[in-house]
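Student: Dock chain A against chain U, hints included.
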Amino acid sequence: MRKSSQVLMGAMTLASVITGIQLGAHAKPSGFSPSPTPTDNNTPTETPVPTGSGTPTSSPSPKPKPTAVSVSHTSDPVYYRYGVVQLTVVKSGSTITDIRLDQATATNGRSSAFSYLVSLALSAQSQSFDTSMMSGATFTTDAFVQALDNALNQF
Amino acid sequence: MNEFRHVELCMGTAFQYFGRTDLADQKLTEAIRESVAALHNADNVFSLYKPDSPLSQLARGEVSIAELPEIVSFIWDECERWSELTDGWFSSMTNENTFDPSGLVKAWATEVAANKLEEFGITDFAINAGGDIRLSKNISSGKPKRIGITKPVSITETNEAITVIDLNDTEFFAVATSGTAERGNHIWNSKEQKPADDFLQVTVVAKDIITADVLATAIFAAGNQAETLITKFANQIEVLIINSAKETFSTPGFSKLISPV
Chain U
0 MRKSSQVLMG AMTLASVITG IQLGAHAKPS GFSPSPTPTD NNTPTETPVP TGSGTPTSSP
60 SPKPKPTAVS VSHTSDPVYY RYGVVQLTVV KSGSTITDIR LDQATATNGR SSAFSYLVSL
120 ALSAQSQSFD TSMMSGATFT TDAFVQALDN ALNQF
Chain A
0 MNEFRHVELC MGTAFQYFGR TDLADQKLTE AIRESVAALH NADNVFSLYK PDSPLSQLAR
60 GEVSIAELPE IVSFIWDECE RWSELTDGWF SSMTNENTFD PSGLVKAWAT EVAANKLEEF
120 GITDFAINAG GDIRLSKNIS SGKPKRIGIT KPVSITETNE AITVIDLNDT EFFAVATSGT
180 AERGNHIWNS KEQKPADDFL QVTVVAKDII TADVLATAIF AAGNQAETLI TKFANQIEVL
240 IINSAKETFS TPGFSKLISP V
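As given, the protein sequences belong to chains U and A, one line each in that order. If you count by numbering that gives the first Met the number 0, then the first sequence holds residues 0 to 154, one letter each, in order. If you count by numbering that gives the first Met the number 0, then the second sequence holds residues 0 to 260, one letter each, in order.
If you're looking for bench data, these hints aren't it; they were derived computationally from the structure. Just so you know, even glycine gets a beta-carbon here, dropped at the ideal spot from N, CA and C. Among these hints, one or two may not hold up.
Computed Cβ-Cβ distance ranges for the label pairs, DEER-style [said to hold, decoys possible]:
1. U/Arg99 to A/Gly87: 27 to 37 Å
2. A/Asp196 to U/Thr94: 38 to 48 Å
3. U/Ser93 to A/Asn137: 26 to 36 Å
4. U/Asp75 to A/Asn96: 47 to 57 Å
5. A/Gly120 to U/Gln153: 24 to 34 Å
6. U/Thr73 to A/Asp207: 39 to 49 Å
7. U/Ser93 to A/Asp21: 20 to 30 Å
Only chain U is shown next, with the shape it has when bound in the complex:
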């Protein structure tokens, strides 16, 4: 009750109950900062060897093989209120090495949110990443999570 009566003593304006605060200094703790998005989009994928009578393919390049074979799976397109999301997840062993946005559209400038979600997912290595603990995100995040979940379930 004391807290309540203290509040009541103020003038009856919004600003008397709630004070303006500066959040900027705390806005980027490590847990929620995006890790650098991988710039290498040429992560090797498990490409089926062409069979049949097609033109001969070039012999395998002599470059060193990656330690684990990378496998990629593409999600179904997820249509949501503001657009569509479709993505490809590349895994090497149990590690997600890349998430490629095949389609990622959103109105109101939301599409830029996707690169942030990708970096979050890569750093957290799962579809749950830190949005598990984000209050306020809804449609764009939901659509991304749904697409990621769909792609991961194909592994």
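Tutor: What follows is chain A alone, placed relative to chain U:
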């Protein structure tokens, strides 16, 4: 200790489960299955997007509330109770004067889903119901008690956190955010019969998710008239508001929750 994660799509949003347990895999699977079943049961009864749902039948006037499952009456009473508690700022009536309790149902279903996990002895978890978060009482200290609050879309084009709070060693176990963040104007000022537009986003931290969710909506709807409401619940909640001028306000105690990391 096994970590578990689960994403369940229901009510048009993603329910994200995250936790730790000693439970054997089979029991854990069963617990999650029962928990998500509670969400879907609620959706099946209360969805207005499903034409055959009891609530859709009620909306069309085909049945009376007395003919419907008892849970509908319970939710109706809860909506009435919260409407009175919030001086009418929380309203389950649409601007067409039909009953739409979806605001309360999602939070209530999340609570029931969380209770299911607890019945199985899982005590260390969080459920993020499309941006509204319910923590278990015994959640272990550390990362899971840190919760980011997103910026409204009109302030940023990324999903950055405007701030991060830490509910470790507090009496709070729920965080809900109402806003126009990605949904456009979707909260109705039922007293003045217009979309609520004084605020861009309201976050409420409370002991339980129903209180957090209902009051976030009510404070958003009240806008610049929210003072009486915030004062009334001052001993139970902390509030963070971003108004349409993009100014940030909070209750005095909110700043103490901000994670110093």
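Student: Note whether the CB distance of U/Thr73 and A/Asp207 lies within 39 to 49 Å or breaks it.
Tutor: For A/Asp207 against U/Thr73, whose Cβ atoms are near 41 Å apart, the range 39 to 49 Å holds.
Student: Taking the CB of A/Gly120 and the CB of U/Gln153, does the distance hold inside 24 to 34 Å?
Tutor: For A/Gly120 and U/Gln153 the Cβ distance comes to about 33 Å; the hint holds.
Student: Range hint 47 to 57 Å: satisfied by the CB atoms of U/Asp75 and A/Asn96?
Tutor: At 39 Å between Cβs, range violated.
Student: Given the hint of 20 to 30 Å, is the C-beta distance from U/Ser93 to A/Asp21 inside that range or not?
Tutor: Holds, since U/Ser93 and A/Asp21 (Cβ atoms, about 23 Å apart) stay within the stated range.
Student: Quick check on a hinted range of 26 to 36 Å for U/Ser93 and A/Asn137, using CB atoms only.
Tutor: With Cβ atoms ~30 Å apart, the hint holds.
Student: Do the Cβ positions of A/Asp196 and U/Thr94 conform to the proposed distance bound of 38 to 48 Å?
Tutor: Holds - the Cβ-Cβ distance for A/Asp196 and U/Thr94, about 46 Å, lies within 38 to 48 Å.
Student: Could one say that the CB atoms of U/Arg99 and A/Gly87 fall in the range 27 to 37 Å?
Tutor: violated, 50 Å
The structure shown violates the earlier hints numbered 1, 4.
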